[in-house]
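The numbering of the sequence shown is full-length UniProt numbering, which starts it at 1 and goes up by one.
By construction, these hints were calculated from the structure, which means they are not laboratory data.
Do not rely on the hints blindly, as some may be mistaken.
[Claimed, not checked] Label pairs and their computed distance ranges (CB to CB):
| no. | residue 1 | residue 2 | range |
| --- | --- | --- | --- |
| 1 | Glu40 | Gly108 | 16 to 22 Å |
| 2 | Glu30 | Asp128 | 28 to 34 Å |
| 3 | Glu30 | Val106 | 33 to 39 Å |
| 4 | Val106 | Cys46 | 20 to 26 Å |
[To be verified] Pairs of lysine-lysine residues, derived as DSSO-like cross-links and limited to a Cα-Cα distance of at most 30 Å, are as follows:
| no. | residue 1 | residue 2 |
| --- | --- | --- |
| 5 | Lys36 | Lys64 |
| 6 | Lys110 | Lys64 |
| 7 | Lys62 | Lys39 |
| 8 | Lys42 | Lys110 |
| 9 | Lys64 | Lys39 |
| 10 | Lys42 | Lys64 |
| 11 | Lys130 | Lys36 |
| 12 | Lys42 | Lys130 |
| 13 | Lys110 | Lys39 |
| 14 | Lys64 | Lys130 |
| 15 | Lys62 | Lys130 |
| 16 | Lys42 | Lys62 |
| 17 | Lys110 | Lys62 |
| 18 | Lys110 | Lys36 |
| 19 | Lys36 | Lys62 |
| 20 | Lys130 | Lys39 |
| 21 | Lys110 | Lys130 |
Virtual Cβ for every residue (Gly too), placed ideally from N, Cα, C.
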Amino acid sequence: MAEIVESVSEDLSLPSDKSSTTEDMALNSELTIEGKNSKEIKCHRCPSIILAISAATLVTHKFKLPDPQLKEDKEKTTTDDTTTTTEYWCVDNMYAFENVGFSHNVDGVKYLICADCEIGPIGFYDLDTKLSYISLSKITYC
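From just these sequences and the hints, can you work out the full model?
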């Protein structure tokens with residue numbers, strides 16, 4: 001089963017450079033308002049909006065997430081590269097997403113992908129808690 005560790009809310013933020021990914025940014029107070037996302041969350045590869053403003057809560061949650069791949073590239077490769085990610089946007093209603101796809105069950109989770117360009121995983125859905133998590137390192141902001 002996938003390794004999941006207890007979540008803790010944390011106030012993080014990012015600079016106003018809208019074209020950068022969060023892994024390239026120093027976090028600042030522009031990322032959250034009252035613990036919710038203060039900007040639209042979008043795919044880092046295409047212009048698709050993943051989540052609207054105030055749709056998710058910023059949490060610290062340790063999870064090994066496979067490195068993102070395009071659907072057609074995944075069929076060609078056999079590597080199982082993963083990255084332990086700790087900063088996520090937590091979504092308590094799977095219908096709050098603007099544009100995301102869900103995989104089949106894999107070790108107690110469903111992986112999340114961009115529904116337009118099919119890059120993923122950008123996060124995961126925990127079948128036990130019914131919570132979705134979008135990795136800060138896999139998205140950008142509008």
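(Q) So if I understand the rule, the pair passes when the alpha-carbon distance is 30 Å or less; does Lys42 with Lys110 pass? (A) Measuring from Cα to Cα gives roughly 19 Å; hence the hint holds.
Q | Straight-line alpha-carbon gap Lys110 to Lys64, limit 30 Å | A | Roughly 13 Å between the alpha carbons, so the hint for Lys110 and Lys64 holds.
Q: Verify the proposed pairing of Lys42 with Lys64, using a straight-line Cα cut of 30 Å.
A: Given that 30 Å is the threshold and the Cα spacing comes to 21 Å, the pair holds.
Q: Mind checking the hinted window 28 to 34 Å against the Cβ distance between Glu30 and Asp128?
A: 33 Å, holds
Q | Distance restraint evaluation - Glu40, Gly108, Cβ atoms, bounds 16 to 22 Å | A | 30 Å, violated
Q: Given the hint that Lys36 pairs with Lys64, test it: the Cα-Cα distance must not exceed 30 Å.
A: 24 Å, holds
Q) Is Lys62 within 30 Å of Lys130, Cα to Cα? A) 17 Å, holds
**Q.** Proposed proximity, Lys39 with Lys62 (alpha carbon, max 30 Å)
**A.** The hint holds at about 23 Å.
(Q) Need the status of pair Lys42, Lys62: alpha-carbon distance at most 30 Å? (A) 22 Å, holds
Q. If you check the beta carbons of Val106 and Cys46, does the distance land in 20 to 26 Å?
A. For Cys46 against Val106, whose Cβ atoms are near 24 Å apart, the range 20 to 26 Å holds.
Q.
Can you confirm whether the C-alpha distance between Lys110 and Lys130 stays at or below 30 Å?
A. 10 Å, holds
Q. Given the proposed pairing of Lys64 with Lys130, does the C-alpha separation stay at or below 30 Å?
A. 18 Å, holds
Of the numbered hints listed earlier, the single one contradicted by the structure is hint 1.
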